[in-house]
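**Student:** Residue numbers (the numbering used here), protein chains in the order written: chain B, 1 to 586; chain G, 1 to 586.
Read the hints as simulated data drawn from the structure, not as lab findings.
You may find that some hints are simply not true.
What the hints assert, rightly or not - Distance condition first, Cα-Cα at most 27 Å in a straight line; then the derived BS3-like pairs of lysine-lysine:
(1) G/K20 x G/K539
(2) G/K20 x B/K564
(3) G/K112 x B/K268
(4) G/K112 x B/K561
(5) G/K150 x G/K244
(6) G/K551 x B/K114
(7) G/K112 x B/K114
(8) G/K112 x B/K539
(9) B/K112 x G/K268
(10) G/K211 x B/K394
(11) G/K466 x G/K561
(12) G/K539 x B/K539
(13) B/K150 x B/K539
In this text the structure is predicted, and so the values were computed from the model without any measurement.
Number of protein chains: 2
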Amino acid sequence: MWILRINMTDRSYQLKDVPKAYKLLGGRGLTSTIIHDEVPPLCHPLGPNNKLIFAPGIVTGTAAPTSARISVGAKSPLTNTIKESNAGSGWSPALAAMRIKALVVEGQPEEKGKFWMMSLSWDQAEGKPKVEFLAADEYVGQDLYEVYPKLFERFGKVNIAGIGVAGDFLYSNSGLVFDDLTGRPSRYAGRGGLGAVMASKGLKFIVLDPKGAPGVGIADKALFDEGGKKLADALRTADITKPKGALNTYGTAVLINIMNEAGGLPTKNFSSGRFEGAPNIAGEAIFEGNKERLGKELYNHACSPGCIIQCSNTWHKPDGTEHVSCVEYESDWALGANCGIDDLDNVAELVRLCNAYGLDTIEAGTTIAVAMQAGLAEFGDGKRAIELMHEMGKGTPLGRVLGNGTNTAGHVLGVVRSPVVKGQSMPAYEPRAVKGIGITYATSTMGADHTAGYTISPEILGVSGKTDPLSPEGKAEVSRAFQAATAFITDTTGHCLFIAFAMDIPSCFEGVVDEVNGVLGTRYTVDDIAKLGAEILRKERAFNEAAGFSKVHDRLPEFMKYEKLPPHDNVYDVPDETLDAVYGEL
Amino acid sequence: MWILRINMTDRSYQLKDVPKAYKLLGGRGLTSTIIHDEVPPLCHPLGPNNKLIFAPGIVTGTAAPTSARISVGAKSPLTNTIKESNAGSGWSPALAAMRIKALVVEGQPEEKGKFWMMSLSWDQAEGKPKVEFLAADEYVGQDLYEVYPKLFERFGKVNIAGIGVAGDFLYSNSGLVFDDLTGRPSRYAGRGGLGAVMASKGLKFIVLDPKGAPGVGIADKALFDEGGKKLADALRTADITKPKGALNTYGTAVLINIMNEAGGLPTKNFSSGRFEGAPNIAGEAIFEGNKERLGKELYNHACSPGCIIQCSNTWHKPDGTEHVSCVEYESDWALGANCGIDDLDNVAELVRLCNAYGLDTIEAGTTIAVAMQAGLAEFGDGKRAIELMHEMGKGTPLGRVLGNGTNTAGHVLGVVRSPVVKGQSMPAYEPRAVKGIGITYATSTMGADHTAGYTISPEILGVSGKTDPLSPEGKAEVSRAFQAATAFITDTTGHCLFIAFAMDIPSCFEGVVDEVNGVLGTRYTVDDIAKLGAEILRKERAFNEAAGFSKVHDRLPEFMKYEKLPPHDNVYDVPDETLDAVYGEL
């Protein structure tokens with residue numbers, strides 16, 4: 001196994017054996033460790049001393065179900081914290097198949113504005129990966145839906161990581177995009193502005209062709225197979241994850257009605273927890289709308305190889321042709337409910353434009369909502385929201401304001417109700433209505449991030465326990481446990497977060513541990529997982545502290561403490577001491 | 001003596017006796033104490049819980065020479081730290097004459113976009129100040145050079161504090177402006193975006209009419225008079241401050257040639273310490289240019305009543321009519337050398353526009369330079385710089401980006417070479433060429449601020465000692481001593497910082513201490529001053545810590561550590577430990 005280092009200052013590269021200390025890591029555990037060990041915490045995120053790191057999960061590239069995640073890490077230009085953002089794509093198993101445990105992009109060309117792409121393939125003769133750099137200027141400034149087909153035509157059946165114009169413009173809202181199973185530029189490591197970090201290094205695409213590569217080594221095949229089977233059985237059994245279950249039928253957008261019912265669906269820039277138009281954009285509406293337009297029921301597909309859950313939907317136009325894939329819950333909410341927009345065709349177009357331009361849908365939607373708050377558009381005006389999205393795509397001054405995310409837009413436009421933590425906008429769960437997720441937002445090492453410790457499971461879905469969403473009681477413990485578990489069990493192993501929905505079936509967790517032990521030859525027990533996760537969080541926290549973050553930054557924005565949120569009409573009342581207890585006792 | 005509290009939520013007010021703990025304070029000492037005691041450190045600077053505080057210095061309003069400063073404090077929207085910004089104006093003695101030790105503006109109207117002005121006059125019958133609120137919407141969006149004459153016409157001989165369109169737009173670069181001796185809207189408490197704080201409270205102007213007011217009480221008149229005479233003698237003797245001395249002849253812009261010679265004049269967005277066009281914009285060029293255009297020598301005037309130094313210049317057009325007053329060193333540098341502009345008529349027009357729109361010249365100039373770095377204009381293009389200034393005045397999207405200051409503009413435009421500390425741009429002294437001032441920038445409680453601890457005196461001017469500007473040796477001690485002394489001896493007493501130029505004459509410092517003791521009836525010694533100043537710094541530091549700032553934020557931007565600055569070709573090499581020692585040993 002290797003660490004491949006690319007130096008963009010002179011476009012050189014080094015392939016080195018994985019150091020011992022990194023051998024048992026993968027995914028977020030590895031990206032965060034390398035950042036912790038090598039990136040100066042006070043470096044400018046877009047300067048020459050930041051590093052961009054790609055790492056497949058520990059089991060990624062094997063037959064482990066629902067495990068094709070790629071972790072991308074760097075110091076974030078959006079949050080100025082450490083950042084790990086992950087996506088599901090064939091790109092990750094392709095990197096893993098070439099036995100590259102981490103790809104580290106370093107340096108920065110002197111010449112600004114010139115872009116390169118890197119082609120990484122398997123050299124059969126040498127028995128190792130081969131790197132080539134090619135000029136990429138011809139693709140700069142273009143719609144990714146136009147660029148990706150050109151790249152597939154040029155390179156054949158490859159996997160592509162890339163950035164859109166949002167990256168080219170160095171926006172703090174710019175994602176890293178990976179191809180889905182049919183080559184769409186649609187699977188985003190969206191959060192935290194990692195596209196801008198890649199752009200700052202003059203790198204536009206990374207094209208992988210693993211043909212002939214040996215694949216991931218497995219230390220104990222029998223144990224691994226047993227683990228994979230346990231996990232697969234659990235995923236095929238749990239109501240949420242099973243075939244034709246909630247996710248496979250309605251996609252993640254099944255949460256729209258659930259969260260709306262709970263009064264925790266942030267609406268019109270976090271001014272209410274309930275949206276009158278929610279049913280019109282809910283997962284059920286997507287399923288029914290497709291049925292009407294296609295004349296048949298359409299179940300969802302996988303975003304990446306080997307996924308059992310298969311939750312990715314496709315929205316179709318009135319004539320039955322594809323509009324966009326996929327309208328995730330977060331996208332549907334950010335560009336729908338949070339902007340007061342209840343028309344699925346408008347929401348779908350906004351999602352499509354995010355994919356085309358290289359924007360994170362969450363950050364884009366919360367930013368447009370803040371712009372609406374500032375009076376740049378009426379809440380609910382989908383056409384105007386689409387125009388604002390095009391401003392971002394064109395890089396106009398207004399587009400640059402919006403493209404740099406919610407915090408910056410709120411600052412520039414003078415909006416006090418700016419729903420951000422550590423510079424990153426909140427996702428689709430209202431902390432005033434779901435107290436535990438607010439603890440995760442406040443204390444996560446990543447800024448406001450639901451995936452960092454998804455307390456929604458016990459607070460709303462009744463999975464992994466059941467607690468009152470409106471009560472702060474015991475929530476520091478829940479958030480801490482979820483943050484630690486997540487850091488390892490999904491983000492480091494390479495599994496999708498959604499395996500968590502099957503966690504009430506004991507074999508689910510056990511299966512993952514068996515898989516990991518099978519691949520690594522370790523003897524981790526289920527009880528070790530929280531410790532392994534906590535160790536990752538501690539490294540991330542250490543980086544953030546050295547970058548200037550303390551418990552004072554582990555707070556929700558002030559307005560949530562004095563603005564009452566309908567329908568529950570309460571404020572965010574979790575005491576600071578509770579927030580401090582999350583890491584204080586880690 | 002009273003504290004006058006205005007609540008803008010319902011436009012009510014309260015006049016209360018000064019609490020005992022505040023009786024010996026004034027100026028910055030008082031604004032920072034009230035903020036420390038009352039403002040929630042994590043409040044949104046433009047939200048309802050911030051407070052805007054005006055406080056004349058301890059001796060302001062008396063006959064103490066060069067002491068008509070007004071301190072304005074709040075949590076800053078530019079830096080998110082505590083902020084005190086001060087200006088010289090007749091407004092301050094007018095407030096003091098009404099025996100108001102602090103005017104505290106609190107609350108926020110529900111209705112957004114509506115503006116009020118407050119009229120404060122002396123009620124002879126009641127023997128106390130009288131407050132009235134009047135609608136101010138008619139003045140919103142206008143050039144302050146047009147508004148101020150209207151206000152003088154309406155209210156007669158009054159003093160006015162106000163905000164321009166930069167405030168109306170809630171820019172983080174928006175100053176509080178006060179009238180000069182001929183009623184120009186030109187004396188700015190410019191730094192830190194305090195105009196936006198005032199605007200966020202729906203307050204556009206504060207009009208003072210102290211007619212009939214009793215004036216400032218003096219406990220020991222003889223001691224006070226003696227102190228005033230000592231100070232006046234010192235100011236009339238020192239080369240820099242004496243009549244027809246350096247400041248009275250060439251204004252503060254006399255520093256242009258001096259700093260250029262030292263290789264410490266930041267040029268073209270901090271890419272060099274020397275500007276080939278410096279002589280064309282230097283104080284000497286202003287003096288000679290005026291002489292040519294007016295046909296006679298013109299010495300400078302006072303910005304405020306009772307000033308002996310009289311350093312405010314006026315630049316004239318080719319036809320001999322006034323263009324603008326005053327072209328300070330900082331303005332001349334920021335809008336001149338730092339933008340590569342060497343034409344005084346362009347610089348003067350840029351200064352005039354800052355006054356007209358309500359912008360801080362330092363922040364405006366450093367922002368335009370960052371915009372030039374981003375390619376929005378060529379360095380040296382004065383006409384284009386003027387256009388960019390008009391964008392700010394019009395509130396276009398680009399104008400809003402620039403109006404929110406250098407840090408935001410650098411972020412939005414993707415410029416890594418962004419010369420800011422804690423969100424505030426550096427003023428006119430290059431830290432790589434003058435190490436001690438870099439320590440002040442890094443560690444000041446205010447963000448990058450030369451006035452917080454003006455080590456330029458010993459490092460460049462040979463006043464209050466003489467040290468090598470390029471050496472870090474002993475500079476933590478110098479910066480610490482200057483920061484502590486400044487916090488009291490000028491910022492709290494109400495004297496102008498420029499009395500420091502006479503500090504090598506012992507009677508200067510003694511005179512100030514005698515004045516203070518005369519007014520307050522205290523028995524402070526010269527040795528007490530550093531302690532009094534340190535106490536203020538500790539309160540400011542405590543606020544900042546609770547607002548999320550630690551020693552990690554006491555750093556210069558990363559680029560100064562790896563980009564070598566001509567002509568000395570060195571980087572900023574003061575060790576972090578030295579920076580930490582400043583407050584570590586306070």
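**Student:** Hinted pair, alpha-carbon criterion (27 Å max): G/K551, B/K114. Please report holds or violated.
**Tutor:** Given that 27 Å is the threshold and the Cα spacing comes to 37 Å, the pair is violated.
**Student:** Taking only the CA atoms, is the gap from G/K20 to B/K564 under or equal to 27 Å?
**Tutor:** 38 Å, violated
**Student:** With the threshold set at 27 Å, check whether the alpha-carbon distance from G/K150 to G/K244 stays at or below it.
**Tutor:** Measuring from Cα to Cα gives roughly 35 Å; hence the hint is violated.
**Student:** So if I understand the rule, the pair passes when the alpha-carbon distance is 27 Å or less; does G/K112 with B/K561 pass?
**Tutor:** 20 Å, holds
**Student:** Given the hint that B/K112 pairs with G/K268, test it: the Cα-Cα distance must not exceed 27 Å.
**Tutor:** 18 Å, holds
**Student:** Would you mind confirming whether the straight-line C-alpha gap from B/K150 to B/K539 stays at or under 27 Å?
**Tutor:** Distance ~41 Å between B/K150 and B/K539 Cα, so the pair is violated.
**Student:** Decide if the proposed pair is consistent with the structure: G/K20 and G/K539, CA atoms, cutoff 27 Å inclusive.
**Tutor:** 18 Å, holds
**Student:** Starting from G/K466, check that the Cα of G/K561 is at most 27 Å away, please.
**Tutor:** 25 Å, holds
**Student:** Given the hinted pair G/K112 and B/K539, is their Cα-Cα distance within 27 Å?
**Tutor:** The given pair, whose Cα atoms are some 44 Å apart, is violated under the 27 Å limit.
**Student:** Does B/K394 lie within 27 Å of G/K211 when you go C-alpha to C-alpha?
**Tutor:** 58 Å, violated
**Student:** With a cut-off of 27 Å on the C-alpha distance, tell me whether G/K112 and B/K268 pass.
**Tutor:** 18 Å, holds
**Student:** Taking 27 Å as the top limit, are the C-alpha atoms of G/K539 and B/K539 close enough?
**Tutor:** Violated: G/K539 and B/K539 sit about 33 Å apart, past 27 Å.
In this structure, the earlier hints numbered 2, 5, 6, 7, 8, 10, 12, 13 are contradicted, and the remaining ones agree with it.
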